[in-house]
Every structure is written in C-alpha cells, then in structure tokens.
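*Asks:* Here is how the chains run, residue by residue.
Protein chains: 2
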Amino acid sequence: MTVQHSDSILIREVGLRDGLQAEQRFIPTEQKVELARSLAAAGLQEIEVTSFVSPRAVPQFQDAKEVIKILGHPGNVSYSALVVNLRGAEDAIAAGVKELQFVVSASETHSQKNVRMSISEALAHGAKIAALAKQNGVKIRTALATSFGCPYEGFVPYDTVYTLMEKLFAMGIDRISLGDTAGLGNPKQVSELCRGILSRFPDAPCSLHLHDTRGVGLACVLAGVWSGIRVIESSIGGIGGCPFIPNATGNIATEDVVYMLESMGLATNLDQEKLLASAVFAEKILGRSLNSKQLALLKSRHCNN
Amino acid sequence: MTVQHSDSILIREVGLRDGLQAEQRFIPTEQKVELARSLAAAGLQEIEVTSFVSPRAVPQFQDAKEVIKILGHPGNVSYSALVVNLRGAEDAIAAGVKELQFVVSASETHSQKNVRMSISEALAHGAKIAALAKQNGVKIRTALATSFGCPYEGFVPYDTVYTLMEKLFAMGIDRISLGDTAGLGNPKQVSELCRGILSRFPDAPCSLHLHDTRGVGLACVLAGVWSGIRVIESSIGGIGGCPFIPNATGNIATEDVVYMLESMGLATNLDQEKLLASAVFAEKILGRSLNSKQLALLKSRHCNN
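Listed in order, the protein sequences are those of chains A and B. Using the numbering used here, the letters of the first sequence map in sequence onto residues 1 to 305. Using the numbering used here, the letters of the second sequence map in sequence onto residues 1 to 305.
Worth flagging that the hints you see were computed from the coordinates, not collected in a lab. Only a predicted model underlies this, so the values are computations on that prediction, with no experimental measurement involved. Hints are not guaranteed to be accurate.
Identical copies carry no separate label here, and so any pair may be met within one copy or between two of them.
[What the hints assert, rightly or not] With a straight-line Cα cutoff of 27 Å, these simulated BS3-like cross-link-like pairs (lysine-lysine) come out:
| no. | residue 1 | residue 2 |
| --- | --- | --- |
| 1 | K299 | K284 |
| 2 | K299 | K113 |
| 3 | K69 | K167 |
| 4 | K69 | K299 |
| 5 | K274 | K113 |
So here's chain A without its partners, still in its complex pose (with noise of 0.2 Å):
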C-alpha cells in the first residue's frame, strides 16, 4: 500500500460508537440506524456503529445486536464494531459483523481502567479475538488507545507505540487505528509518531483517532495527514468522548474535518452537504447543540436570513 502520496483520505466515521458512549440517555435503535444510513448517504464507507460490551458497562449499546441487523451489509458500507474482550468479538460475528475493531491501550493504568486486563492480558485476548475473525473472514482492526498520553501515566513513549504494533501487526490485524484518547496529543508529536510508524512499517495500514479535547484536534489530522497517514476517523457533529477519562469529551467532528481536507485540495468523496444534513440529525436525536464549526456556521447563516 503506498498511500502516503496519493491525495485522497478515507475518513472512518465513529460517532455512533465513540460518540453514543458518553450518552447517558439510550438512542432508540431506530434513530441510530437511521443515522447511520444518513452517514452512508453521505459517502462513508466506514462506520463504527456500536460496541458488543456488558449492557451493565455500557446501557447505550444494549441494542448492538439489533443495530447490526437491521443495518445488514450493503455493499457502498462496511457498518463494524468495537469489542474489547473475547466475549465481545463471538456475540459480535455471531450478530453478523463483518469488521471488528478491538481495543488495546498503550498505557497499564488506562489498561486496567478501560478494559480491567493488563495490556499482555488485553495482546493476549487480541491474538485470540485476531484468530477468530480470521477464521470467520471478518476484517480484524485495532485501536491502540493512549497512544499520544495517558491521563495517569503522562506522555507515552514512542517506542512502546512501536513494539505494540509489530505485536499487533504480527498477529494479522488488518489495520491499527492510533488513538489520542485524552486528547494529550500534539501536532509536533502527531508528525514525530506518524513518521516514525511509517518508516518503521511503511506497508501497514493506519489510522488517526484524535480528539478536540484541548482545541488542537485538527492542527492533529493535519500534522498526521502532512506526515503521511490517510485515514482518519472522526465523530459527526463531534460527539462523545472517552467516559472513563474525566473531560476527555471531544471528539472531532467528521464535517470540520471534511471541510479542511477539502480547502486543501485533498478529496474525502464526501458530500459535504449531505454531512452536515447528518450533523443536523445527530443533534435532533441527542437534543442538544453540537460542538461543531460547521453546524455553527449553518446556524448563524439561518439567522442571518
């Protein structure tokens, strides 16, 4: 894969996973599904739906079985799911899901705080969670969390991003996903990792799961874009962030990011309109104003009218 070059970007929406899981009041099935559907409509052609997760952990993605049926395989979308656990990828295939994404923290107290396993425990499950998608022909991918900080530990070294991705990448994980999930990061350290990763393996697939949490979200994409990377993942109107990290929130919006990549010239085959229809959606179904620019912009353009 030699993308570093190219001028388009794949941007991996994950709202109604990343997003609806701060959510403390549960969306009706139906309004996620009609979401996601809108997001397709847009042009997505990755989005996370849900998470097979306790219902106990997680009361919003109870219904992930039913979202993943209804929502079925068409075939302009791939609609996947987080698991975090072994548990969680065999009701996730047995459901139908055709890509998975589990989760692996590059920090121990995140770890223990987010998934109760160690990180060997959590490699461990992974290998396991790996060789079962394999088998059952489901993309398997990988979000490697606090990979720029962790909120107990600090500033996460470079090289344990690196060996925890051969470990990954030696397992057949398909693509890994760098995830600033206290959004600690910097664009100084964003070009820094992204470029060292793609010297170090510049045939395997990565993406950018940044958040906005101290403004910088995308001055990130941009630093990880200019340094090479090509899929970035992203909420649609913002929402959500990480619960178990105190004002992680903040994700970035999917529309904002759209519309600098595309100032710069570089093609998402997004519709933009279409998008922000989607954000307007989003804020319907959660009842609230949405942390987004481009959703502001629309508004003070409907009051100037």
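Fit chain B to the given chain A structure using the hints.
*Replies:* Leaving out everything else, chain B in the frame of chain A:
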C-alpha cells in the same frame, strides 16, 4: 532577522481592538484598561488596544485617546493602535501612540467596503502614514487584510500579496501582518503563501492574523509556524471578527494558540494561568461565554469539583 529557526514565537494580542470593534455595547474605558494591563501581566509585549477611527463608524473606540493616555508607555509592553487613514494616524500620534498599524486590503472590493478607498488610495495613505510615523519615531506596521481570500472576490492570488508587500516594505513598514479577514484560508494555502513570502523577503518581519471562522484557525497557525512565521496575532478569549464581513466572527483565542505552541515545545514566554485569568475577565466584561477551548476546559474542571 533570522527568526525562522528559533524556538520562540511572539504573540501579538489584538482582542481589545479586533475583538471589541465587533461589540455593540460600549465597554467602559476602565475595563478596557484593566484588561490591557492583565494581558501585559501575563507577559504579552505587544497589545493592540484601540483604533483611531470615526466614533460614528465604530462608537466602541470613542475613548481611543483616553485609553492610550491612561495606559502610557511601561517598559515591558507596547500598547498600539490601528488606523485606517492619515487623519487617524495624526490623531493617534498626537495622543502619544508609539506603534501604529494601518490597514491595506489585498482585494479591491473589500478595500472599498472596509475603508472606502481603492487599494491604490490606501497605499497612498499608507505612504503618508509611514512617513509621518518615521518622522515621529513611531513604529509602523501594516495589516494586509484578505490575504487569504476575499468574501466578495474569492481567492486572492499569491502574486497580489507579494506585490503589495513589496510596495509596503519599500515604504519602510516595520512589519506586515497577513490577515485572513474572512477566515477563508486553509493550511495548505497558509504554508504555500508563507513559504513564498519568506523566500522573497527573507529578512522582512511578517506576522499572521488568522480567524477561526471555519474551525481551521489553529491548523493554519501550525502551517504558518512550520513554514517559518514567528509572530502570531490572536485575541484573548477568541473575541472578535470583522464587522464588515457577514459571519466572520471567531478570532483565534490567544490562550488556545499559546497552549498549542507550548505543547509543541515552542516558547511564547507567556504565563498560561494569567492568560486564562485575562480570558475569564474578558468574559466578565462582555457578559457572555467566549469561544475558547481553554476556557471550556476550565469551566468543566470547575463543574467536576
């Protein structure tokens, strides 16, 4: 001047001018002065505090003379003023201003709408203002508005900017500020234009004055800094915008720029806690929440305590 490789960035604060000019309600002189002094206490060395324009055009600055007089000339900070014509420059110099900034647009239509002059007329005024400033030992700077695009004319060719800069430097202008008046710039454009400028005028001081209208403000700052620009203009709390351009609200918040640069190891020599206190004070005197990520984080910390 060989600033390109330095690890320190000068922040020029414009909130009291570019911020307040969009405020309908008159802010009492003593509050303006208190805000200016709190910004200086945070370490800001260049603060644009007012504008010598017709009080009918911008009633907010009817106290320009008084603000300048009260603030005086402490050794550690330069309190400057904006002017749009020769009359304003004469008034400012008479009031004791030691650093002036005047505006030239890079687009004819914006020039007419903003200062009711053609670009040529604005340049002619500029030459007289520059001569007057030099005679009086006053520093003279220029804001080159709409350098990254005009809301009426669209994209502004790089050559238009280069040609205007050449004319301005020939007048003896001390520094040129490239203004993204309508927030139309993108990081690729900022990078290309800044690199083009620094290759043509390697010794000439330039600053960037970017707006966050479309959410890419900090990404554009990053692009500028990575291209070698070492002076960034921003507004405490992100207050402001251009009152003559619809929806051009959203200056970049000083505290957000400073967070990003410092997180990357670039020194601003500013006290981030004191800056945040200034932003809180700005919210207090404006009577509303301002659009700054650092302020939002501060509030969410308070909520959790």
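*Asks:* The structure should be examined with respect to each hint, and the outcome stated for every one.
*Replies:* Hint by hint, here is what the structure shows:
Proximity of K299 to K284 under the C-alpha cut-off of 27 Å is found in both arrangements, the shortest distances being 14 Å within a copy and 25 Å between copies. In this assembly of identical chains, the alpha carbons of K299 and K113 lie at most 27 Å apart only when taken from different copies (25 Å versus 39 Å within one copy). When the C-alpha separation of K69 and K167 is checked against a cutoff of 27 Å, the pair qualifies neither within a copy, at 32 Å, nor between copies, at 66 Å. Taking the closest pair of Cα atoms, K69 and K299 never come within 27 Å of each other, the shortest separation being 35 Å inside a single copy and 41 Å across copies.
Taking CA atoms no more than 27 Å apart as the test, K274 paired with K113 passes in neither setting, with 37 Å inside one copy and 34 Å between copies.
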